[in-house]
Amino acid sequence: MNMYKIISGLFFTLAMTLNFGFFYGDPTQLIEHSAYELFAAIIVNLIATVLKLGDRTQLGAVLLATSLVADIQLIASATVWAFAEYVAKNIGVEATTAIVSLSGGALLANSVSVILFIGDTIKSKR
Amino acid sequence: MNEQIIWIVLKRLRIPFFVIIITFAISILGLVLIPGTTDHGKPYQMTFFDAFYFVSYMASTIGFGEAPYAFNYHQRMWVSFAIYFTVIGWFYGIGAIVSLIQDEGLRRALNLNAFKKQVENLHEPFYIILGYNSITKTIINKINGVDYRAVVLDKSPQKIEELVLENFYPHVPASVGDATNQQMLKMSGIHQKNCKGVISLFENDMVNANIATVCMLLNRKIDIIIKATLPEQVTHFKKMGLKHVQNPFDIISKRIYFGITSPHIWLLEMWMYGHILKLKGRDRFPDGKYIIYGSGRMGQAIAAGLKKANVEYILKDFDSKQYIKEKESTIFGDAEDMQKLIDLGVKESASIIAATKNDILNLTILNTAKQLNPNIFTMARENSLDDLNIFKAAKINKIYVVEKILADATYNFISRPLVDLFIHEARKQNEEWAEVIVNILNNITGMNPKYFETQLNDENAYALSLEFNKGGEITLANLRRSRENKNEMLQIVFLLLKRGDEVYLMPDSQMHLQLNDKLLIVADDDTYEDFEYIINNIYELNYVLDKEDTNNILGFWGKHGKTKT
Numbered sequence: 001m002n003m004y005k006i007i008s009g010l011f012f013t014l015a016m017t018l019n020f021g022f023f024y025g026d027p028t029q030l031i032e033h034s035a036y037e038l039f040a041a042i043i044v045n046l047i048a049t050v051l052k053l054g055d056r057t058q059l060g061a062v063l064l065a066t067s068l069v070a071d072i073q074l075i076a077s078a079t080v081w082a083f084a085e086y087v088a089k090n091i092g093v094e095a096t097t098a099i100v101s102l103s104g105g106a107l108l109a110n111s112v113s114v115i116l117f118i119g120d121t122i123k124s125k126r
Numbered sequence: 001m002n003e004q005i006i007w008i009v010l011k012r013l014r015i016p017f018f019v020i021i022i023t024f025a026i027s028i029l030g031l032v033l034i035p036g037t038t039d040h041g042k043p044y045q046m047t048f049f050d051a052f053y054f055v056s057y058m059a060s061t062i063g064f065g066e067a068p069y070a071f072n073y074h075q076r077m078w079v080s081f082a083i084y085f086t087v088i089g090w091f092y093g094i095g096a097i098v099s100l101i102q103d104e105g106l107r108r109a110l111n112l113n114a115f116k117k118q119v120e121n122l123h124e125p126f127y128i129i130l131g132y133n134s135i136t137k138t139i140i141n142k143i144n145g146v147d148y149r150a151v152v153l154d155k156s157p158q159k160i161e162e163l164v165l166e167n168f169y170p171h172v173p174a175s176v177g178d179a180t181n182q183q184m185l186k187m188s189g190i191h192q193k194n195c196k197g198v199i200s201l202f203e204n205d206m207v208n209a210n211i212a213t214v215c216m217l218l219n220r221k222i223d224i225i226i227k228a229t230l231p232e233q234v235t236h237f238k239k240m241g242l243k244h245v246q247n248p249f250d251i252i253s254k255r256i257y258f259g260i261t262s263p264h265i266w267l268l269e270m271w272m273y274g275h276i277l278k279l280k281g282r283d284r285f286p287d288g289k290y291i292i293y294g295s296g297r298m299g300q301a302i303a304a305g306l307k308k309a310n311v312e313y314i315l316k317d318f319d320s321k322q323y324i325k326e327k328e329s330t331i332f333g334d335a336e337d338m339q340k341l342i343d344l345g346v347k348e349s350a351s352i353i354a355a356t357k358n359d360i361l362n363l364t365i366l367n368t369a370k371q372l373n374p375n376i377f378t379m380a381r382e383n384s385l386d387d388l389n390i391f392k393a394a395k396i397n398k399i400y401v402v403e404k405i406l407a408d409a410t411y412n413f414i415s416r417p418l419v420d421l422f423i424h425e426a427r428k429q430n431e432e433w434a435e436v437i438v439n440i441l442n443n444i445t446g447m448n449p450k451y452f453e454t455q456l457n458d459e460n461a462y463a464l465s466l467e468f469n470k471g472g473e474i475t476l477a478n479l480r481r482s483r484e485n486k487n488e489m490l491q492i493v494f495l496l497l498k499r500g501d502e503v504y505l506m507p508d509s510q511m512h513l514q515l516n517d518k519l520l521i522v523a524d525d526d527t528y529e530d531f532e533y534i535i536n537n538i539y540e541l542n543y544v545l546d547k548e549d550t551n552n553i554l555g556f557w558g559k560h561g562k563t564k565t
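One line per chain: the protein sequences are E and R, in this order.
Going by this note's numbering, the first sequence opens with residue 1, and the numbers climb by one from there.
Going by this note's numbering, the second sequence opens with residue 1, and the numbers climb by one from there.
Please note: incorrect hints may appear among the correct ones.
[Unchecked claim] Lysine-lysine pairs mimicking DSSO-like chemistry, simulated, CA-CA at most 27 angstroms apart:
#: 1; chain 1: E; residue 1: K89; chain 2: R; residue 2: K42
#: 2; chain 1: R; residue 1: K11; chain 2: E; residue 2: K123
#: 3; chain 1: R; residue 1: K370; chain 2: R; residue 2: K289
#: 4; chain 1: E; residue 1: K5; chain 2: R; residue 2: K142
#: 5; chain 1: R; residue 1: K42; chain 2: R; residue 2: K254
#: 6; chain 1: R; residue 1: K280; chain 2: R; residue 2: K321
#: 7; chain 1: R; residue 1: K278; chain 2: R; residue 2: K321
#: 8; chain 1: R; residue 1: K137; chain 2: R; residue 2: K450
#: 9; chain 1: R; residue 1: K117; chain 2: R; residue 2: K142
Keep in mind the hints are simulated off the structure, nothing from the lab.
Build the full structure now, drawing on both the sequences and the hints.
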């Protein structure tokens, strides 16, 4: 058992689950999507990215790439939210769907990275 | 950038990033959760954006003040905790990133990477020079950008820095690295097609032997120019199949031998190294007894030369290190030393050679000898170029600068192969022959002629190579005519012709030339330029060959003004 594997596995999965928690719900109703959950998703995703830094294997490189995609999507989602609230001063349906669907994209990237991670685990002989 | 470097950087950045993310996240979350108060006393909750904005400028110690409203005491308590928390995290993170940039390992990796790229981008033929010192610096100055490029490896970072400060143009890629390390040699391009050879002139023969072996294994095709000062080493290297072994003491010994037995051969050699082509009185080695002071590698080599020349000599054992230890001085010449010199017979001797390892000792030995015998001919070994001025001021008859001799010989071998060959061949001849040659050269080309090397091929002699391809027969005499007036002779001497492996010293003027012949030519600059015109320009060539260019399509325009005379 490898402590590093446990921690990284935890963060990869947590990033996905938190993201799912935020994404789940009616995409037009902002009330069904918690800002705290988005915040948590961003932080956990960033940590997951940092954990993937410096892995020289081919798999490590792909994991890092998917993780960066998730980060970009989630930060974009938060940016849209802040922009709609403070600059446009109106969170309409369009902004809401944008926020939710951006996090949906991030969820997809998270899922890819979790699948790759599981695949790697299955492949290993121990 | 190299993959390797990216991974080093990323791995090292993990913890700093991690710390920054965690501290920011906790501080932001705290600010969002703690209820605040607006200007009007109403309760409000900070949004994530407000909190992110505030923490960002707090952590980086920019501090724009409390926003969006002045904080209440709940918030301030949290913020005072968060300030220390985030600022420490931020400083640690930034500090780690900055120290990473300054990291010795990373810098080395970056430098090495740049070096590798520069070597790969060299398209001209180049030499790998191992060790940077005044010898190799002279060689670089002579060959860099003219005939070849240079790549330098040296163990010590200071030496490489010196080289960088020298600002060679074109750029000389240089790197810190062990010359015996295969990896470093590979990075210096030993496998590259345009690598001509490796030059290794280290003081230590063992190091040179080591390098030679490694280089031979890495690439058999390149020239390995190596220094060896002991006869056993020289034979060992020759056995290994090395073409060029440099032994500075051997060169000095040969020079003294030829200087005594056949001054004109000596003159021809020295002329190739920049001496005027005339034997002056003070160049002549005197007849009589020679004293060699110091029986190290150089002393023994000179003794061998003198023995061959049948000259009476005394080889005096002298350990400079021990002398300095015993007398605690590098000044030779107290009463005891003087007595020693007198015992050796300095008053009756014709010449004294100071050949110790210490320059100041050499100088003082000769000064003392001169005091005892003002007419004595003095010769000194000088080890380092730095002391040259002192030696010149001391009015010593002959100074043998080991470093310079080594540098010149190496340069000749690399860039003036025919000159090297000529010296070699000339040494096999006798004094009368050399005197005749010197007279011919003086008569035709003057006292201080220059020499040029050329190969008769498409690139250097376009017209000639066309003529060869047509089957034309051209002799050296044909080419010796002036393009101003073909009945006049050019003031030019063909010293040596090399065809394949055959060497013709002073080739016969009726000899037929062939494509790819190599010529060593003596002339002045203008005459050589004329010669280059003749061998490159069809019309000039036809004129000196006495041919009307009727069968040439361009013949009509090609009617050269001069052909009508």
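Structure versus earlier hints, numbers of those that do not hold, lowest first:
4, 5, 6, 7
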